[in-house]
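Undergrad: For chain A, the structure is supplied; the task is to place chain B on it using the hints.
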Amino acid sequence: MRKFSLLDHELIPKHEIMSEDELKAILKTYNIGKEQLPKIKIEDPVIQEIGAQAGEVVRITRNSQTAGQAFYYRHVIA
Amino acid sequence: MSISEPTIDSMIESLDLPLNIKKTLKDDALKVGVTKKELEDIIERVLESYDYACVEPCEAVGVVSAQSIGEPGTQMTMRTFHYAGVAEINVTLGLPRLIEIVDARKQPSTPMMTIALEEGYATDRDMARVLAWEIEATHIEHLADITTDLANMQLIIDLHEKTLMQRSLTSEEVAERLRDSLDVVVTVSGDIRNQIVLTPNSPSYRELLQLAKNIHNITLKGIEGIKRVVIRKDGEEYTLYTEGSQLKEVLQIEGVDVTRTYTNNIGEIYDVFGIEAARNAIITEATSTLAEQGLTVDIRHIMLVADIMCSDGEVKQIGRHGISGEKASVFARAAFEVTVNHLLDAGMRGDRDELNGVTENIIVGQPIKLGTGDVHLISR
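Top to bottom, those sequences are chains A and B.
Note that the working numbering has the first sequence beginning at 9, numbered continuously upward.
Note that the working numbering has the second sequence beginning at 36, numbered continuously upward.
Worth flagging that the hints you see were computed from the coordinates, not collected in a lab.
The structure presented is a predicted model; accordingly, all values stated were derived computationally and were not measured.
Beta carbons are placed, not taken as given, at the ideal position from N, Cα and C, and that holds for glycine.
Check each hint, because a few of them may be wrong.
Calculated lysine to any residue pairs in the SDA-like style (CA-CA distance at most 25 Å, straight line) [as the list claims (entries may be wrong)]: (1) K71/B with I56/B; (2) K36/A with H411/B; (3) K351/B with R70/A.
Looking from chain A toward chain B, a few residues come up when the C-beta cut is under 7 Å (computed) [as the list claims (entries may be wrong)]: (4) D16; (5) H17; (6) I20; (7) P21; (8) K47; (9) I48; (10) K49; (11) D52; (12) P53; (13) V54; (14) A62; (15) Q73; (16) A75; (17) Q77.
So these bits of chain B aren't anywhere near chain A, every CB distance computed over 12 Å [what the hints assert, rightly or not]: (18) S39; (19) K57; (20) V67; (21) E73; (22) G129; (23) I181; (24) R228; (25) E272; (26) R384; (27) N396; (28) I397.
Only chain A is shown next, with the shape it has when bound in the complex (with noise of 0.2 Å):
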């Protein structure tokens, strides 16, 4: 088997952990629950690679053609 990251694909945007503190501020300024964030499988190979657990939510940081950068967040599902 040859080993490779995905996160090095280009597809792929960067997908990192987030802290309880940070969770909490996105949720306040959004004005919802986590349950309300779009989803992502454990399943999901980026997932795998990062080693998130169900419950947690990661923020990815998108190449947006219109905003240069934009953040978006999923929550981790079973």
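TA: Leaving out everything else, chain B in the frame of chain A:
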């Protein structure tokens, strides 16, 4: 007197603007050279126009997207196949391809890969060729003439030396592969060069004919499912284009640049690279399909479609088995397709409709929660 870069930075950094706008603002301010007062004025004006350009709350963005993609869709060709510019590989384009994308088909009708090569392989045509043979599936009919010898109950394979050399195979290797995949006696002929003789275990005509048929299905070399590989020079680099797509297997091959290899099969991208890559692939594919037909659709509409398709962590189609079919409201689902079934099932289950969405409120004749309809006055 113009101000210095750090001052501009400190003034722009804290603004609530997208990165692109901040960057342009900074670059232009540096280029032109502005005073503090002027920059303050500019920033104020930029903030004002940005605010003006933003979508209003309660705007029906989905409907606008649907129209913006649907209208150019009517002008697309209905013809399915088209030889696209990319190295005489046949790809589905136009309306059929767009439908394929929004339907989130597991397998597109013409899967295709673009394989970027790593340094060392990318600039050397011979190395690229070797990799291409490594990837393209080789079957027996590419290499040999097959004769069915009914008198001796044998299958005689005459391998062409030249093609063997080209694909860097030997007759022993071919025999080995055949031995592994078929349950027959395989002998490499001693007196005639490059001849392999297959003898079925039991001497029956049926088995012999079956064998003659089965032998075509064996992949001797390369990746099963990749029918053809074309090498093309893009700028300085050689890139491989394939007919058929096997992302997972191709990424395992030494010399393939993992970071830039792409397939038009969105389902495969989702399996190998995850949901965010799938979303990007949907956007790329949809935009290029539209652009190829000379239609320009604002990318934000396509981004909205891609986002909604990927919001639940898997690629869902727009339609009965996806977005529209999973709406919470019975009325909204009934208004879309198979009306009677939805109403009947809901009646039998005793479902409730909370009348939260747009469709169901139109059906019952209430103001909808869009635009001014979603504004409420609260007295304090």
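Undergrad: Check the structure against each numbered hint from earlier and tell me which ones fail, lowest number first.
TA: Violated: hints 14, 19.
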